[in-house]
Each structure stands twice: as structure tokens, then as C-alpha cells.
Amino acid sequence: MDIFAGLATGFHAALTPFNLFYCLIGVFIGTLIGVLPGLGPAATVAMLMPASFVLPPVSSLIMLAGIYYGAQYGGSTTSILVNLPGEASSIVTTLDGYQMSLKGRAGVALATSAVASFFAGTVCTIIIALFAPPLANVALKFGAPEYFSLMVLGLVASVVLARGSLLKAIGMIVLGLLFGIIGTDVNSGTQRYTFGIKELMDGIGFVTVAMGMFGLGEIMLNLEREGAADRVVNKITSLMPTREDWKRMIAPILRGTALGSFLGILPGGGALLASFAAYSVEKKISKHGAEFGTGAIEGVAAPESANNAGAQASFIPMLTLGIPTSPVMALMIGAMVIQGVQPGPSVMADQPALFWGVIVSMWIGNFFLLVLNLPMIGLWVRLCMVPYHLLYPAILVFCGIGVFSLSNSEFDIYLMALFGILGYIFAKVDCEPAPMLLAMILGPMMEEHLRRAMLLSRGDPTIFLRRPVSLAILIVAAIALVVAILPAIRAKREEAFKEE
Amino acid sequence: MAGRNRQGKNFKTIKTGRAAMKDWKAVSGSKDFWSGLLFCAAGVAAAAFARSYPMGTTMRMGPGYFPTLLGWLLALIGFVLIARTLIRPGPSVGRLAYSKLGLITVSNVLFALLLRRLGLAAALMLLVVVSAYASKRFRWPVATTLAVGLAVGSSIVFVWLLGLPIPIRGPWLGG
Numbered sequence: 001m002d003i004f005a006g007l008a009t010g011f012h013a014a015l016t017p018f019n020l021f022y023c024l025i026g027v028f029i030g031t032l033i034g035v036l037p038g039l040g041p042a043a044t045v046a047m048l049m050p051a052s053f054v055l056p057p058v059s060s061l062i063m064l065a066g067i068y069y070g071a072q073y074g075g076s077t078t079s080i081l082v083n084l085p086g087e088a089s090s091i092v093t094t095l096d097g098y099q100m101s102l103k104g105r106a107g108v109a110l111a112t113s114a115v116a117s118f119f120a121g122t123v124c125t126i127i128i129a130l131f132a133p134p135l136a137n138v139a140l141k142f143g144a145p146e147y148f149s150l151m152v153l154g155l156v157a158s159v160v161l162a163r164g165s166l167l168k169a170i171g172m173i174v175l176g177l178l179f180g181i182i183g184t185d186v187n188s189g190t191q192r193y194t195f196g197i198k199e200l201m202d203g204i205g206f207v208t209v210a211m212g213m214f215g216l217g218e219i220m221l222n223l224e225r226e227g228a229a230d231r232v233v234n235k236i237t238s239l240m241p242t243r244e245d246w247k248r249m250i251a252p253i254l255r256g257t258a259l260g261s262f263l264g265i266l267p268g269g270g271a272l273l274a275s276f277a278a279y280s281v282e283k284k285i286s287k288h289g290a291e292f293g294t295g296a297i298e299g300v301a302a303p304e305s306a307n308n309a310g311a312q313a314s315f316i317p318m319l320t321l322g323i324p325t326s327p328v329m330a331l332m333i334g335a336m337v338i339q340g341v342q343p344g345p346s347v348m349a350d351q352p353a354l355f356w357g358v359i360v361s362m363w364i365g366n367f368f369l370l371v372l373n374l375p376m377i378g379l380w381v382r383l384c385m386v387p388y389h390l391l392y393p394a395i396l397v398f399c400g401i402g403v404f405s406l407s408n409s410e411f412d413i414y415l416m417a418l419f420g421i422l423g424y425i426f427a428k429v430d431c432e433p434a435p436m437l438l439a440m441i442l443g444p445m446m447e448e449h450l451r452r453a454m455l456l457s458r459g460d461p462t463i464f465l466r467r468p469v470s471l472a473i474l475i476v477a478a479i480a481l482v483v484a485i486l487p488a489i490r491a492k493r494e495e496a497f498k499e500e
Numbered sequence: 501m502a503g504r505n506r507q508g509k510n511f512k513t514i515k516t517g518r519a520a521m522k523d524w525k526a527v528s529g530s531k532d533f534w535s536g537l538l539f540c541a542a543g544v545a546a547a548a549f550a551r552s553y554p555m556g557t558t559m560r561m562g563p564g565y566f567p568t569l570l571g572w573l574l575a576l577i578g579f580v581l582i583a584r585t586l587i588r589p590g591p592s593v594g595r596l597a598y599s600k601l602g603l604i605t606v607s608n609v610l611f612a613l614l615l616r617r618l619g620l621a622a623a624l625m626l627l628v629v630v631s632a633y634a635s636k637r638f639r640w641p642v643a644t645t646l647a648v649g650l651a652v653g654s655s656i657v658f659v660w661l662l663g664l665p666i667p668i669r670g671p672w673l674g675g
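So the protein sequences, as listed, match chains B and C. If you're matching positions, the first sequence starts at 1 in this note's numbering and goes up one per residue. If you're matching positions, the second sequence starts at 501 in this note's numbering and goes up one per residue.
In short, the hints are calculated from the structure, not lab data. In this text, all values refer to a predicted model and were calculated from it rather than measured experimentally. Don't take every hint at face value.
Away from chain C, derived, C-beta distances all over 12 Å, residues of chain B [as the list claims (entries may be wrong)]: (1) Thr16; (2) Ala88; (3) Leu130; (4) Pro134; (5) Leu140; (6) Ala251; (7) Arg255; (8) Thr294; (9) Gly334; (10) Pro352; (11) Gly378; (12) Leu383; (13) Gly402; (14) Phe404; (15) Arg452; (16) Val469.
Per label pair, the in silico range of CB-to-CB distance [to be verified]: (17) C:Gly602 <-> B:Leu455: 43 to 53 Å; (18) C:Gly602 <-> B:Met376: 44 to 54 Å; (19) C:Ala541 <-> B:Gly293: 41 to 51 Å.
Computed footprint of chain B on chain C, listed as stretches where at least three residues anywhere in the stretch have a Cβ under 8 Å from a Cβ of chain B [said to hold, decoys possible]: (20) 532 to 542; (21) 585 to 599.
We put the beta carbon where it would ideally sit given N, CA and C, even for glycine.
Put together the whole structure using the sequences plus the hints.
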């Protein structure tokens with residue numbers, strides 16, 4: 001197909017000064033929040049969502065995407081320099097990155113991470129350009145049963161790849177589906193779970209929920225384990241890796257990129273799982289496996305390329321199927337809806353500038369990050385020294401004003417506070433909020449497709465098994481679930497999430 | 501269960517009573533138990549409220565069909581979680597940081613309540629100071645400086661530049 005024509009459209013859209021500017025802003029903010037511990041991309045994207053509505057759809061998505069993959073970049077800086085992962089996906093980088101900086105090789109570790117991320121980002125951009133269009137073309141032929149099965153697969157995958165108990169993750173999904181029901185039923189106009197509150201008639205905004213659970217809830221958790229220790233930053237010496245370093249990092253970067261691109265496509269996993277998996281794989285097969293944990297360059301290169309690849313690959317299901325694989329992707333879908341773009345396979349055909357523009361902007365953004373990160377490292381180091389007790393009130397201010405400005409209503413602030421409490425409690429009982437948010441966004445779509453499918457089949461639920469594509473998707477979902485329950489795999493899965 | 505056993509006359513039942521008491525503590529403190537209880541309560545409530553929405557048929561699902569299905573499913577998951585804790589209680593919830601939880605929540609509620617009345621600047625300073633109080637490292641001078649700085653910055657950016665429809669100084673302050 002005319003991928004080159006598509007890429008040309010993309011460059012045309014992304015290279016306007018206006019969009020370049022917002023791409024730069026996005027990756028800058030992304031790096032910033034990646035550097036600041038305790039503030040994740042989901043909360044930030046939620047916070048900046050209201051501000052992005054004044055922008056045209058292309059620019060706003062370019063900026064929001066930049067925040068997401070920029071955060072993966074920034075997170076590794078603090079992992080290496082202060083042994084504090086700015087993002088969950090850079091936890092593994094602390095293992096060898098911090099050891100490298102203790103040995104006076106902080107600069108090399110940072111450069112390795114930047115190069116690995118840039119390479120992964122470039123490869124992933126090409127992968128998206130190659131695979132997204134055929135996938136979208138297949139999806140264009142999907143009917144209601146296929147969509148329903150696809151969403152079931154999405155939710156199942158988010159359960160399988162979530163950490164902790166499967167049963168709780170499924171519970172969170174069902175709860176999320178129920179939260180998604182709140183509001184006016186599109187088919188009958190019935191008010192469901194609104195209790196006569198007019199603000200609930202349009203449903204609960206997922207931005208509000210995300211800010212509550214990922215913003216407020218996180219703050220409560222962080223305050224609970226607030227330490228008194230000050231951070232010691234290791235000095236940065238030479239940035240340039242030696243010839244030996246270059247030689248040692250090539251293979252891990254290639255493997256990390258491949259693993260990350262694959263895992264990123266799967267819902268729920270994305271960057272976090274990719275980085276853990278890449279590290280453990282590398283540790284097993286590397287010639288220098290014994291050096292892992294003491295500052296092996298492979299231990300930085302592999303997870304850093306994997307988490308960036310994973311972050312970017314998660315755009316594939318979002319852009320082609322309209323199915324979010326992570327809370328951030330869910331927020332991006334929400335941003336599209338509010339911008340008047342119907343997410344799904346038709347985006348590519350109807351809005352080529354948006355589709356290709358976002359893809360190309362990722363490659364440009366990765367280039368910005370490479371340029372932004374290395375020379376500006378001094379600034380980022382100073383920023384990661386900002387103490388948390390000064391940071392979190394500011395986060396609350398942005399959440400408060402941001403959520404208010406969604407519809408200029410105080411009600412959303414109360415709702416956010418409520419979900420903050422819920423977020424804290426769920427964290428205390430080991431229930432992951434991410435599957436819930438995913439389900440909340442997919443809920444209304446799922447119900448709609450379920451109803452349509454039932455109407456189509458005259459109430460016969462076997463329709464999902466009689467349509468070949470739908471059956472295939474459900475079989476994949478079933479296999480994923482069974483595999484996750486198998487004790488041997490289960491142990492492996494726990495291991496993959498455990499910090500070594 | 502524990503109470504009934506304690507009324508037992510001979511030593512042995514008292515001992516089992518104590519053991520049961522200990523078990524009950526492990527169960528009632530466990531993360532699985534509380535998450536199960538939450539799911540059960542939410543599920544039953546969802547199904548109960550959904551009774552007033554028309555169910556429809558499987559072919560033409562009414563607005564009550566999907567929520568009822570989900571409600572009972574959630575309740576079932578919760579029930580299984582609770583039942584499982586009787587065999588294996590699992591890790592306990594531990595202490596909740598009520599003061600932090602309270603302060604962060606109250607600071608937001610105050611902000612919402614007073615936003616239009618006091619105006620953005622004052623409501624925001626209150627939000628900052630009350631929430632900052634939750635930190636171990638709270639110091640009045642630092643918190644007030646931060647509050648003033650954020651109030652000035654947000655007023656400029658959000659009200660003047662982005663046109664947020666909120667007065668900087670509200671009617672209660674003569675604005």
C-alpha cells in the first residue's frame with residue numbers, strides 16, 4: 001500500500017511550525033514529569049487534557065503523545081543518577097544504571113539510555129507505519145460481534161498482564177464496566193445510577209477518575225511512605241561511550257526493541273512489562289550476564305530500548321482499532337472523542353493527516369528527546385531534586401483547576417476527591433486501578449456492541465462463536481486467560497514483576 | 501463465631517475460641533477480605549438499583565440487562581474472594597493513613613466549596629496550605645510562600661491567559 005504517501009502526509013502535517021512546537025512542548029513536559037518522581041504520565045495527560053482542547057485535534061494528540069513517550073525518557077534519568085525511578089517502567093534501569101553511575105560512568109549510562117530509546121523509537125515508528133494500515137483495513141470489516149469480542153480480548157489481556165491477583169483484576173474490570181454505565185442510556189434514554197444528580201446524566205468523566213485515582217490517590221500513597229532522606233546525585237562525567245560500550249550495547253538494543261514492540265501491542269503490558277522482560281531475557285542470554293547488577297551496560301540498553309518501544313507500540317491498537325491498551329491510551333481516545341474524531345479503524349481513512357501526523361511526530365519527538373536530554377541533563381538533575389513536599393501541592397492545584405475547567409463545575413472536583421479516596425483504598429487492598437479505568441471507557445462501547453450483536457442474532461449468544469473472526473479473537477482471549485492461570489506461568493509472571 | 505465459642509465451658513473450647521479469634525483477626529484484616537467485601541457491596545448495590553430499569557429480553561436488551569448481569573458477577577467475585585480468605589487469609593491491609601487521606605480530601609473539598617466565593621487566589625492558597633500540612637516536612641514559611649507563588653502563577657496563566665471563568669478575588673472578599 002502507499003505507506004510512503006501516508007508518511008508524506010504525516011511529514012506534511014507534523015512538520016508545520018505550529019505542530020513542531022507542540023511536539024516539542026509535549027516531549028519537554030513528558031521529560032519533566034518523567035524526571036519528577038511521584039507524577040506519572042496518566043495523571044499528567046489527564047491534567048493537561050482540558051488545556052489541549054483549545055488546540056486543533058492533530059496538535060493536541062501530538063502533544064499528548066509526546067508527553068507519554070517523553071516520560072519514558074525522563075524516568076530513566078533519575079533511575080541512573082539518583083536510584084529513583086521517575087516512572088514505573090524505568091525501575092529496572094536503576095539496577096545497572098545506578099551502579100554504573102556509582103562507578104563514575106553516569107554519563108555513559110545516560111547516553112546509552114538515550115541512544116537505546118532513540119533507536120527503539122525510530123524502529124517502532126516504522127513498525128507502526130507498516131502494520132497499522134493493514135490492521136485498520138481488516139478492522140474496517142468488523143461488525144458488532146467482532147468488536148465485542150475484541151473488547152473482551154482487550155480487557156482479558158489487561159487482566160493477564162496486570163500485577164497481582166487475577167480475580168481482583170477481573171473484579172476491577174467489572175466494577176469499571178459498572179462505572180461506565182452511569183449516565184443516560186443511549187438506546188432508551190433511561191437514567192442509570194444517576195440518583196437524580198444532573199451532573200451524572202452525561203456519565204462520569206474518565207479524566208476526573210484518572211486525576212482522582214492516579215493523581216490524588218498516588219499523592220496519599222506517596223505521603224504515607226514519605227522518607228526523610230535527601231537525594232544524592234552522582235556526578236556526570238564523560239557522556240561518550242567507548243568503542244567497547246558501543247559494541248556491547250548493539251545486540252541488547254535490538255533484542256529490547258523487538259521484545260518491547262511485541263509486548264507493547266498487547267493490552268495492559270506496554271512499557272512496564274517490556275522493560276522487566278527485556279532485562280531478564282538479557283540477563284539470561286548475555287555473555288556478560290554475571291556482571292548484571294554491578295553496572296553492566298546491557299542492563300541499561302535492553303530495558304531502555306524495550307520500554308520506549310513498548311510505549312510507542314501501544315499506539316498501534318489505539319490508532320487502528322480504537323481500543324486502549326493502557327490508561328494513557330484510554331485518555332488519548334477520550335481526547336479524540338472530545339475533539340470530534342470517532343476513534344477506530346476509520347481514523348486512518350477519514351483523517352489521514354491526524355493518523356500519519358501523530359505517527360511521524362513520534363519519530364520527530366524522539367529526535368527532540370535525544371537533543372533535549374543530553375545537553376540539558378543539568379537542568380533535569382536539578383529538577384529531580386525538587387522535594388516532594390513542594391511538588392504535590394502544586395500537582396493538586398493543577399488537578400483542581402484542570403478538573404474544574406472540564407465543564408466549569410465544582411461537582412467534578414468533589415468526584416475527583418471521591419475517586420482519590422477510592423484510589424488509595426484500592427491500592428491498600430492490592431487492586432490495580434488501570435484495568436478499571438480501561439473497562440470504564442470500554443464499557444459503554446461494549447454494551448452497545450453486545451446489544452447490537454444480540455439483535456443481529458435474535459438473542460442467540462452463540463453468534464460470538466459462529467463468526468470466524470470473533471471466534472478466533474475469543475480463542476486468543478481464552479488461551480491468554482488459561483495460560484495466566486497455569487501455576488508455572490503464574491510463578492514466572494510474578495517473577496517478571498518482582499524487583500530483583 | 502468467635503463469641504459463641506468463648507461461651508464454651510471446658511478449657512479446650514476456650515482454646516479453640518482463642519484460635520478462632522486469631523483466625524478471624526487474620527481474615528478480617530486481610531486485603532482479600534476487604535476487596536471482596538467492597539466488590540460484594542458494589543455488586544449487590546448495582547444489581548439492586550438496576551431492578552428499576554427495564555430488563556428487556558436477550559434479543560432486545562433493555563437498559564437493565566447489562567448492569568444486572570455485571571452486578572451479580574461482581575458480587576460473585578467478591579464472594580469468592582471472601583470465601584478464599586477463610587482458607588488462606590493472605591497479607592493484611594495494615595494501617596491506613598487517615599490523616600493524609602483526610603487532609604488531601606478536605607483540601608480539595610474546601611477548594612471546590614470556596615472557589616467561586618473566595619475567588620481563585622484565596623481558595624488555591626487554602627488548598628496548598630491544607631494539603632501541604634499532610635507532609636512530615638511541613639513548615640509554615642515554606643508552605644505559605646509556595647501558596648502565594650502558585651496563586652500568583654495560576655491567576656496569571658489560567659485566568660488571564662487561558663480565560664478560566666473564575667474571579668481571582670471572589671465576592672466574599674469584595675471582588
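Hints, verified against the model:
1. Taking the minimum C-beta to C-beta distance to chain C, about 23 Å, the non-interface status of Thr16 of chain B holds against the 12 Å cut.
2. Against the 12 Å criterion, Ala88 of chain B stays outside the reach of chain C, whose nearest CB is about 20 Å from its own CB.
3. Taking the minimum C-beta to C-beta distance to chain C, about 38 Å, the non-interface status of Leu130 of chain B holds against the 12 Å cut.
4. Distance check on Pro134 of chain B: its Cβ is at least 33 Å (rounded) from any Cβ of chain C, clearing the 12 Å threshold; non-interface status holds.
5. Leu140 of chain B, annotated as away from the interface, keeps every beta carbon of chain C farther than 12 Å; the closest lies near 26 Å.
6. The beta carbon of Ala251 of chain B sits about 40 Å from the closest Cβ of chain C, which is more than 12 Å, so the claim that it is off the interface holds.
7. With a least CB separation of 35 Å from chain C, Arg255 of chain B remains clear of the 12 Å interface cut-off, as annotated.
8. The claim that Thr294 of chain B is not at the interface with chain C holds, since no C-beta of that chain comes within 12 Å of its own (minimum 32 Å).
9. Annotated as non-interface, Gly334 of chain B keeps its C-beta farther than 12 Å from every C-beta of chain C; the closest such distance is 20 Å.
10. Listed as a non-interface residue, Pro352 of chain B keeps its Cβ farther than 12 Å from every Cβ of chain C; the least gap is roughly 31 Å.
11. The claim that Gly378 of chain B is not at the interface with chain C holds, since no C-beta of that chain comes within 12 Å of its own (minimum 23 Å).
12. The Cβ of Leu383 of chain B lies farther than 12 Å from every Cβ of chain C, with a closest approach of about 16 Å, so its non-interface assignment holds.
13. Look at Gly402 of chain B: its CB is around 9 Å from the nearest CB on chain C, not clear of 12 Å, so calling it non-interface is violated.
14. Residue placement check: Phe404 of chain B does not keep its beta carbon more than 12 Å from all beta carbons of chain C (closest about 7 Å).
15. At roughly 10 Å, the least C-beta separation between Arg452 of chain B and chain C is not larger than 12 Å, which violates its mark as non-interface.
16. With 12 Å as the threshold on Cβ separation, the claim that Val469 of chain B sits away from chain C holds: the shortest Cβ distance comes to roughly 22 Å.
17. Our hint of 43 to 53 Å for Gly602 of chain C and Leu455 of chain B holds, since their Cβ atoms are close to 49 Å apart.
18. Taking the beta carbon of each, Gly602 of chain C and Met376 of chain B are about 40 Å apart, not inside 44 to 54 Å as hinted.
19. Our hint of 41 to 51 Å for Ala541 of chain C and Gly293 of chain B holds, since their Cβ atoms are close to 45 Å apart.
20. For a cut-off of 8 Å, the count of residues in the segment 532 to 542 of chain C with a CB near a CB of chain B stands at 6, and the three-residue condition holds.
21. For a cut-off of 8 Å, the count of residues in the segment 585 to 599 of chain C with a CB near a CB of chain B stands at 5, and the three-residue condition holds.
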